[in-house]
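In case you want the letters, here they are:
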Amino acid sequence: MKQFIKQMKHYARAVWAENIKEWKVELTYKPDFIRGLIDPLVYALPYLLYGIALVGGRNSKTLQGLVGSGDIITFVTLGYVFIGFLNMALWAMGFSLRKEQYWGTLESVFAAPVPRWVFAMGMAAHSTLHQGLMISVQLLVINLIFKLTINPAGILPSLLVVAVMLIALYGLGMMIASVTLVLKQGQLVSEALSGIMMIITPIAYPLAVLPLFLRKAAMFIPTTYGIMTVRHFLMGENMGFSVATSFFRLALLGIAWVTFGIIIFEIIDQRTRRTGTISHY
Amino acid sequence: MSVAIEVKDVVKKFRRGRRLKKRDIFAVDKATFDIEEGELFGLLGPNGAGKTTLVRCLATLLIQDEGTIKIMGKDIYSNSLYCRRQIGLVTSGERTLYWKLSGRDNLKFFAALYGLDGKERDMRIEYLMELLDLKDVQNERIEKYSSGMKQKISLARALLHDPKVLLLDEPTLGLDPQFSRFLRNFIKNSLNKEQKKTILLTTHYMDEADELCERIAFINRGKIVDVKTPYEYKRDLPHTEVLELRCSGIQNCDELLKQLQSLNSVEKTTANSVDHVTNIKIILPRAEPILSDTIELVRKQGKILGINVEQPTLEDVFIYVTGTRLSEDTAEERPATKD
Ligand SMILES: Nc1ncnc2c1ncn2[C@@H]1O[C@H](COP(=O)(O)OP(=O)(O)OP(=O)(O)O)[C@@H](O)[C@H]1O
Ligand SMILES: [Mg+2]
Chain A
1 MKQFIKQMKH YARAVWAENI KEWKVELTYK PDFIRGLIDP LVYALPYLLY GIALVGGRNS
61 KTLQGLVGSG DIITFVTLGY VFIGFLNMAL WAMGFSLRKE QYWGTLESVF AAPVPRWVFA
121 MGMAAHSTLH QGLMISVQLL VINLIFKLTI NPAGILPSLL VVAVMLIALY GLGMMIASVT
181 LVLKQGQLVS EALSGIMMII TPIAYPLAVL PLFLRKAAMF IPTTYGIMTV RHFLMGENMG
241 FSVATSFFRL ALLGIAWVTF GIIIFEIIDQ RTRRTGTISH Y
Chain B
1 MSVAIEVKDV VKKFRRGRRL KKRDIFAVDK ATFDIEEGEL FGLLGPNGAG KTTLVRCLAT
61 LLIQDEGTIK IMGKDIYSNS LYCRRQIGLV TSGERTLYWK LSGRDNLKFF AALYGLDGKE
121 RDMRIEYLME LLDLKDVQNE RIEKYSSGMK QKISLARALL HDPKVLLLDE PTLGLDPQFS
181 RFLRNFIKNS LNKEQKKTIL LTTHYMDEAD ELCERIAFIN RGKIVDVKTP YEYKRDLPHT
241 EVLELRCSGI QNCDELLKQL QSLNSVEKTT ANSVDHVTNI KIILPRAEPI LSDTIELVRK
301 QGKILGINVE QPTLEDVFIY VTGTRLSEDT AEERPATKD
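If you read the sequences in order, they're chains A and B. Be aware that the first sequence starts at 1, since it is given in our numbering, and climbs by one per residue. Be aware that the second sequence starts at 1, since it is given in our numbering, and climbs by one per residue.
One or more hints might be untrue.
Computed list of lysine-lysine pairs in DSS-like fashion (alpha-carbon distance at most 27 Å, straight line) [unchecked claim]:
no.: 1; chain 1: A; residue 1: Lys6; chain 2: B; residue 2: Lys119
no.: 2; chain 1: A; residue 1: Lys99; chain 2: A; residue 2: Lys184
no.: 3; chain 1: B; residue 1: Lys258; chain 2: B; residue 2: Lys234
no.: 4; chain 1: A; residue 1: Lys99; chain 2: B; residue 2: Lys164
no.: 5; chain 1: B; residue 1: Lys144; chain 2: A; residue 2: Lys30
no.: 6; chain 1: B; residue 1: Lys188; chain 2: B; residue 2: Lys234
no.: 7; chain 1: A; residue 1: Lys24; chain 2: B; residue 2: Lys108
no.: 8; chain 1: A; residue 1: Lys9; chain 2: B; residue 2: Lys258
no.: 9; chain 1: B; residue 1: Lys300; chain 2: B; residue 2: Lys268
no.: 10; chain 1: B; residue 1: Lys100; chain 2: A; residue 2: Lys30
no.: 11; chain 1: B; residue 1: Lys70; chain 2: B; residue 2: Lys100
no.: 12; chain 1: B; residue 1: Lys8; chain 2: B; residue 2: Lys70
no.: 13; chain 1: B; residue 1: Lys234; chain 2: A; residue 2: Lys24
no.: 14; chain 1: B; residue 1: Lys22; chain 2: A; residue 2: Lys184
no.: 15; chain 1: B; residue 1: Lys21; chain 2: B; residue 2: Lys223
no.: 16; chain 1: A; residue 1: Lys30; chain 2: B; residue 2: Lys108
no.: 17; chain 1: A; residue 1: Lys9; chain 2: B; residue 2: Lys74
no.: 18; chain 1: B; residue 1: Lys196; chain 2: B; residue 2: Lys8
no.: 19; chain 1: B; residue 1: Lys100; chain 2: B; residue 2: Lys135
Which bits of chain A does chain B cover? Going by a derived footprint, with three or more residues having C-beta under 8 Å, they are [unchecked claim]:
no.: 20; stretch: 105 to 119
no.: 21; stretch: 126 to 133
no.: 22; stretch: 270 to 276
Everything labelled a hint here was simulated from the structure, so no lab data went into it. The beta carbon of each residue, even a glycine, is placed where N, CA and C say it ideally should be.
Only chain A is shown next, with the shape it has when bound in the complex (with noise of 0.2 Å):
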């Protein structure tokens, strides 16, 4: 038992010396983490004022009877922070494992006494954190430039439906940071996977707009009940099912992942080190 929580808390620090690791790294090239900061306004806002001369003004009789509040600017606003999530999966964690392979420092870091799975949390500490302070800064930034309508009592059940979400998308980040590491043209998966979630996932409409087949698939991906529930929470969206419904298929969605995320990591993992592939870049 002593030996066990002495084992954790090493597997601990190692996650966290990951993330600190991966800021300090970020951080020797500044004017590219400042760039990181102010690009995802830069593209934000010609959809936030395309979308207001379309509709002429913030108000959308539409929106509002599909989603049950026509602003606009806040309904795009939050899918714009869905998006950064699963980006956070897909690019951030999705290749972190190719770039320490292209630094030359991934065989360092696993021939340290730490189950791989351990670098799979530090990369995914760190990138949680990284798109948390990016995702901050934009929602200031866009509430100073349009003031979102939202229902503050909605913030903190809205974090924590982000936060189970999040365990999914370390499932699909896990996958796709093996899948990168033995395909050569592995940021096509990234950008196939982005693609479809992006049309299947109610980020930029309301789910009603899918068609039927599309909208029964969206209910296997998780930033469908993540936007959805969040919408319900701070702009009264109607989901057509309960918050509860919405909890228990994201955390079952969360198991689900993440086992097959564990599972192709381990399997591409074995498998690397039995073919040798991971030292060639």
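Given chain A, put chain B with the ligands in place with the hints provided.
Just chain B with the ligands now, with coordinates in the frame of chain A:
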């Protein structure tokens, strides 16, 4: 004395080529040897011999296709975390550290991976920086380090958790002579003699192996050819002299070697050419009797630039045992089997 590293019938194949032209190369081919606790053991072989592959198997970075490896008595496959704790690994190549981080930050990160923390960690890093004379540069980014300093940090990293076993893959590769000398001394005196670490060192510099190692395994094309002490290797070589000729203008080297080989009592001949200058080595009991014949044969083809008669070095032993020079690249010409 107990065994620290046990390698038994280890085979590691790699798949080369695509589709129809697929073939397996045996990077390590039925390797067997034991390394005693506290021993400084050398793995000597030319480029592509399979040294790195074997080290990567020992470090659990690769899984061997056949055979077993034990570190401090435990099988590395079923006890990989335990075994990784016993091992300090220094791989060749400079890119194994985070170039954007300082030497100290690199060590702090890896210390966490090796389970060190707080005061213990700081003291250990301090000690290693002192030991390897890195204190002045510890807060500089790795990208500003010279090759030698990078190698020192790699070594410090391998020593963080004070492992019993060290795997050093060509540790002096690409370093200037002064740094090489420092590192060799450090490995022999500080790490092996004082700290009693078991060390597996791979190299293709025969003088390095000769100088440092208590026992040396010759590895060639994936096979362990022999394991002996440097003294035994030289003693057991039944030939006592090496006749070396430096010549130019040799057109048909193979033919010349054949002729030389047929001279009385000649055991082995090899040649390598750089920029029209051919270096010929003839291994035989005594060089003097064939000297004039040799000169005559060489003169038929070209000019003699120099002649030397020497006692055999470990390199000559290697040539004698394997038929390959240590400086040769054997990566592409190993025996392959179809699947
Ligand atoms: N991951 C890999 N995939 C395919 N082939 C490999 C791989 N790693 C090594 N090889 C091949 O296996 C053989 C042994 O290589 P290895 O790197 O172990 O030799 P080495 O003795 O370390 O040589 P060097 O002195 O060049 O470092 C070579 O033919 C090499 O091309
Ligand atoms: Mg090598």
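Results of checking the hints against the structure:
1. A:Lys6 / B:Lys119: 16 Å, holds
2. A:Lys99 / A:Lys184: Between lysine 99 (chain A) and lysine 184 (chain A) the Cα gap is close to 12 Å, so the pair holds against 27 Å.
3. B:Lys258 / B:Lys234: Status holds; Cα separation ~26 Å.
4. A:Lys99 / B:Lys164: With Cα atoms ~31 Å apart, lysine 99 (chain A) and lysine 164 (chain B) exceed 27 Å; violated.
5. B:Lys144 / A:Lys30: Cα-Cα ~19 Å, so holds.
6. B:Lys188 / B:Lys234: 21 Å, holds
7. A:Lys24 / B:Lys108: 12 Å, holds
8. A:Lys9 / B:Lys258: It is violated: about 68 Å lies between the C-alpha atoms, which goes past 27 Å.
9. B:Lys300 / B:Lys268: The given pair, whose Cα atoms are some 21 Å apart, holds under the 27 Å limit.
10. B:Lys100 / A:Lys30: 12 Å, holds
11. B:Lys70 / B:Lys100: 36 Å, violated
12. B:Lys8 / B:Lys70: At roughly 9 Å apart (the allowed maximum being 27 Å), lysine 70 (chain B) and lysine 8 (chain B) satisfy the hint.
13. B:Lys234 / A:Lys24: The hint is violated at about 53 Å.
14. B:Lys22 / A:Lys184: Between lysine 22 (chain B) and lysine 184 (chain A) the Cα gap is close to 19 Å, so the pair holds against 27 Å.
15. B:Lys21 / B:Lys223: Holds. Lysine 21 (chain B) to lysine 223 (chain B) sits at ~24 Å (cutoff 27 Å).
16. A:Lys30 / B:Lys108: Judged against 27 Å, a Cα distance of about 22 Å means the pair holds.
17. A:Lys9 / B:Lys74: Within the cut-off at roughly 25 Å; holds.
18. B:Lys196 / B:Lys8: 24 Å, holds
19. B:Lys100 / B:Lys135: 18 Å, holds
20. 105 to 119: It holds, with 10 qualifying residues against the three required.
21. 126 to 133: Coverage by chain B is violated here, the residue count being 0 at a Cβ distance below 8 Å.
22. 270 to 276: holds (count 5)
The structure is inconsistent with the numbered hints 4, 8, 11, 13 and 21, although it conforms to all the rest.
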